[in-house]
Amino acid sequence: MRANKKTEEKYIAVCLDEIRNEVRKNDPDIKAQAVRKLVYLHMHGYDMAWASFHVIEVMSSPKIHYKRIGYQAAAVSFKQDTDVLMLCTNLIKKDLSSNNYNETALALHGLGMIVTPDLGRDLVTDLIAMMNHSRPYIRKRVILVLYRVFLKYPEALRLAFPRLKDKLEDPDPAVVSAVVNVICELARRNPKSYLPLAPQLYGLLTNSTNNWMLIKIIKLFASLTPLEPRLTKKLVPQITNLIQSTSAMSLLYECIHTVIVGGMISLEQVGGENEAQDEALAKLCTSKLKIFIGEPDQNLKYLGLYALSKLLAVRPKAVVEHRDTILSCLDDADVSIRMRALDIVTGMVTPGNLVQITRKLMTQVLPSTRPPGVSSSYPPPSSTLVMDSNDRTQVIERIIGICSGDTYANVTNFEWYITVLVDLVRAKGVDVGGLLASQLVDVAVRVSEVREFAVQAMIKLLSDRDLLATSSWDKNNTSVLWAAAWIVGEYSANVAEPIVALDCFVAKGTEALPPGVQASYLHNLLKLYVAWAASDGLSASQLVDVTTRTLSDLERFKTSADLEVQERACEVFEILSLVPLDDPIARAPVLGAMAGLFAGELNPVGSKAQKRVAVPEGLDLDAWICEPEPELVVEVESAGERDDAHFWDDGRASANNRSVPVDPVEAERRRRERAEHRKHDPFYIPPPSGANGRPVYDDIDVNEIPIVQLDFDISPTANAKPKKSKRPSQKPRDGGIFEPPPPVKTYKINRGAEMPIGAEGVDPHHDSDDDAPDAHMDEITKAVMSVDLTQDHDPVKPPSPPSLQTYTSELLVTRKKKPKTAKISEEGDGSPAAPKVKKKKTKVTDAEPALIEKPKKTKKKKSVSTTPHAHSPNKGLLAVRGLDTNTPYERLSSPAPSPAFTPAPDQDRQPLLDLGAPDAEPAEARQPPLDFEAPNAVVPDSDEEGRSWVNAGGDDNLSVHSDWDLRESSSGDDDSITVFLILKFTNISEQPRNPSTLFINPPATEPQPVALPAIPGTFAHVCRTLLRIPKPPAGNLLEPMELTLSGLDYPVSLFLPVTLNFAGPTQLARPSPTPDEFATRLRNAKDMHTSSTQFHLTAASGGAGPADIVARIAARLRMAVVETIESAATLWAWTSAADQDDGGWCAALVRVTKGARGSWVVKVEVRACNRALVDGVVNEVGDWSVGAAQGPH
Amino acid sequence: MTVKFMLLVSRQGKIRLTKWFTSDWTVKEKAKTVKDVSQTVLSRKTKMCNVLEYKDFKVVYRRYASLFFIAGTDLDDNELLTLEIIHRYVEVLDKWFLNVCELDIIFNYQQAYMIIDELLIGGELQESSKRSVINTLKRMEEVS
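In order, the protein sequences belong to chains Z and Y. The first sequence begins at 1 in the working numbering and counts up by one. The second sequence begins at 1194 in the working numbering and counts up by one.
Calculated from the structure, these hints are not laboratory results. Mixed in with the good hints there might be a few duds.
[What the hints assert, rightly or not] Straight-line Cα separation of at most 25 Å, DMTMM-like style, residue types lysine to aspartate or glutamate; simulated pairs:
#1 Z/93 with Y/1229
#2 Z/63 with Y/1269
#3 Z/79 with Y/1335
#4 Y/1248 with Z/334
#5 Z/283 with Y/1269
#6 Y/1251 with Z/391
#7 Z/37 with Z/18
#8 Y/1223 with Z/503
#9 Z/558 with Z/503
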């Protein structure tokens, strides 16, 4: 067409004009051709966004030929924010349902590229319907396009998943392959949801011969196996078989990769019952990988090395056997391969082979023709490698990395290391001076034995004229001289010939060095001079001679262009001129005083030491030193608003920075939240029975897995203590393989890091605080990533259609593995999940027998009927009360309708004192009786002992716990709701605390003062304060509220949860419903929201058992217990919006079952008509569980 | 996503075809990626391996005569599989144009696009059989 045109701007401009005219023509042919030209130009980087409307015109053309051009143009040019996209919705809808399946295919292509959340939402139902299209050609396209839709509109996944699952059994292999592709991609984001598909996938793995698909399945298993260890057992023989039999390299590679990455080989140290098998597998992998590496094909070599580096983490022993092969790859001509080999080599380093490996690497970076006179033992490189400066820099970084790793754990000879560093300085064309400098200084400071040697080496460096000459090069290492100067100056006692060194500092040519180095030179000149001048046996003439010479040399620097250098030069000059040259008697005191300038030794300082230094009293770092200039007029206009915003911002920012005591708790809470989110995942379906007719996972409670696993994932961050590195930590690879050889010489390495005084006494948990937020942030973003697809209660999302809801609730029910599910699925007939659910019927959890045996409590027995036990214990909220009221069950206790909040006040509940406050000494702080003197108390206090305190934080000496009560407004003021805020201040230091005034800042109202009396050391003080919250408009609920308590060293956040909305005991003269009313209400409720959570409590924190746990949860949630059935209980609360019949309540089911080792598994399911309420309550439960788990030990 | 983009670049660095499987990138980002990737790939020697890492994705390429076929994939994708996909694409091109050469792709880029579309949707391989791809293409030709 115009392919042989010369690409000139002018020509293109003319063309574009031409096209602009053409697209406006009515002739569809011309229009289509114009669009086609545009696509071509777009490919070459010319924008065609202006033509998007014309593209749509072409798309809507009835002729398929034009339509195709249109869709193609759309796919190429449309972006997420293209405004005409909304015009497409109907067009695509029409084309999708076209009789001509070619048109459908075109529409699918286009949609796959341009899908947006809006398009996804509007079209998802059509797409799902099309998954059953008669032609496999369309079916597979739909499935792949759906994946794109899922990415943009995650809600679609929920709707499409059941059918997607069915498509795994599609007769057409291409469709199955497409499904596997999609699931593989999805599972990479959130593997947990797809565990139930494992049996089907396994079937495919064994039966399929399609390598394309096999690779995907194996990749998919790689993301599943870490979650389900027993899958590994099943897969290993199959994969081993594939590894041995397949001829396709890609499949072979994928198998090996999966074996390694999927955790099918356990860690070497762990051993375990499968050690023999693991070892065999590892052997097999390495031998195959060796073939890879030996191949002439560079790709296979590359991949072999890549896989080997992954294997290194689990099986170092197996990899090390191939050391020579790997080392030979270091000489490969291809940079990528060299770098991969380098990766492995880095991981293989032990004290034994460090020297050998470093030597090998050094040959790559050092110039082959070495300057004469440099005594180095490195042979010239074996081959002439083409390495550019980046590669060399990288190799040097690796050398330093392997040597300095673990605070020099692998280095046995530091003289050798200094030599290596000095040799590296001579590497050409790289800029690693700074890196080398910091290494040199670090070694010299930490290893005192090596200082003398280091000083010698440094003087050699300083006097190296060649090195000095390189400073004019583009990339040079002269900044290393900074360290050289520093070491010589600092350890001047070790300098053999100080005069030579002094001359070096001011020698000709030093002016060309970077200013930083010059400054260091001058400073260390002074240091060295002082040390030298104060030494004995110095003849007067020598002193005079050197001093005058130095002074005259300094003149040159006094006029330096760099300020720093200039200042230092003048400084040194003036100090040196103080020395009375002609008067020996006056000289001694002056020199002595000067020697005092640099007395004392420097120690390594911890990188976090600065943060530990306490801010001196009266110093406000945030305050302006002087008032800033008034802002411009424009900015002042919104001053009022702005001030407010700043105020909150500041409070929050500083709370974040310093939230020292809250942090572990906070972290724990976030972790819970995340667990909660994961649990809401509606696709967490218990797996259907496997191909052999036996459920694959019948002996574990699948719901327990995430919790156990979570305990793992927090520990590394929580325990990360910087100070731990006092001793070189034994890395796994050190153990057993290579016993560190007896060092030739022992070095005392100062591996510590100095911290300010006072920081020592602080609990080590503090240390992790600085790191924790970041690490968690990462975790959280990850969690968001994985949850994103399946979250079912994001308030931002549009309300889900009704069909969705039945589906959701059903899944929630099935997740609890109730034997009743069959019945429920009958109720929700027509739902695609139903048949799967039925299969789970036979499942019985371990906990059941124990519960059945439980002696019956003799409380008020209301209705007694013999219970078929297999049916009763594990019932969901619906099953218990809603759907099968006919099922006989035992009502063990059914409290009389009572407005009381806390149904079981007799329980021995310990206040959760000091929970999460790491710097408290728990034993001491808990002993002293609580101080009930409460100046602000309005209501005589009754049961502070029984409160479920929430740790709000505090400062170093005072920890704050809070709780709240809702009371009917006594003044008859109907516009507000009155909340009693109860605060407990515990003085956790030994010293008494002076009285002070704190302020509670509710949002948008005046701060309220709270007078704090003097609190003796380790005593607690409880006070209450009234808080009036304006009532929300009728029918609305109160938002949860965050208050700030200021006046302490750091502002403390007090959180009033959503349960604020639950009506107080006197607020509504409305009793809790009877069990039967409860059931009726649940059954008749319109648009109900459900959410649930589950957690473990240890035997200790579980208190006196299920009843106690239920009571404590009910108290925390301010809900009344309606009914207790064995170890489950239903809770109820009216909300303050209770005047409408439907919107005004919240129900919960708490089920406590026995877990492993005497622990308790608590499941809480919450239902209400308000999504925010449900979520808030579930959060509260999560918070409570965190507190309870940490509470009484 | 398996394949993020597919580039066909001549040995002189002329772009012959670009296919993006994502609509999230701006024109600028795309242009930069094309420039960077094609430059790195072109500068590599024939003996070097065909995989390299670029920013947050992997670049897998292969040279056929004077044309480089470059694919960008996720970091954890199987490189050999990507090479296979590239190869499959070339095979189909070859079958369709009957002994394909660079000029075929320059003049019939529309068809080259169509073939990619038949092989991959949204970066996922949808059809691995050469024959069925060719059949579909023929049918499409007949219809229009």
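Going down the list of hints, with the structure as the test:
1. Z/93 with Y/1229: violated, 39 Å
2. Z/63 with Y/1269: The hint is violated at about 42 Å.
3. Z/79 with Y/1335: violated, 31 Å
4. Y/1248 with Z/334: Holds, at about 19 Å.
5. Z/283 with Y/1269: Holds. Residue 283 of chain Z to residue 1269 of chain Y sits at ~24 Å (cutoff 25 Å).
6. Y/1251 with Z/391: OK: residue 1251 of chain Y and residue 391 of chain Z at ~19 Å, within 25 Å.
7. Z/37 with Z/18: holds, 10 Å
8. Y/1223 with Z/503: violated, 57 Å
9. Z/558 with Z/503: holds, 17 Å
Consistency note: the structure conflicts with the earlier hints numbered 1, 2, 3, 8.
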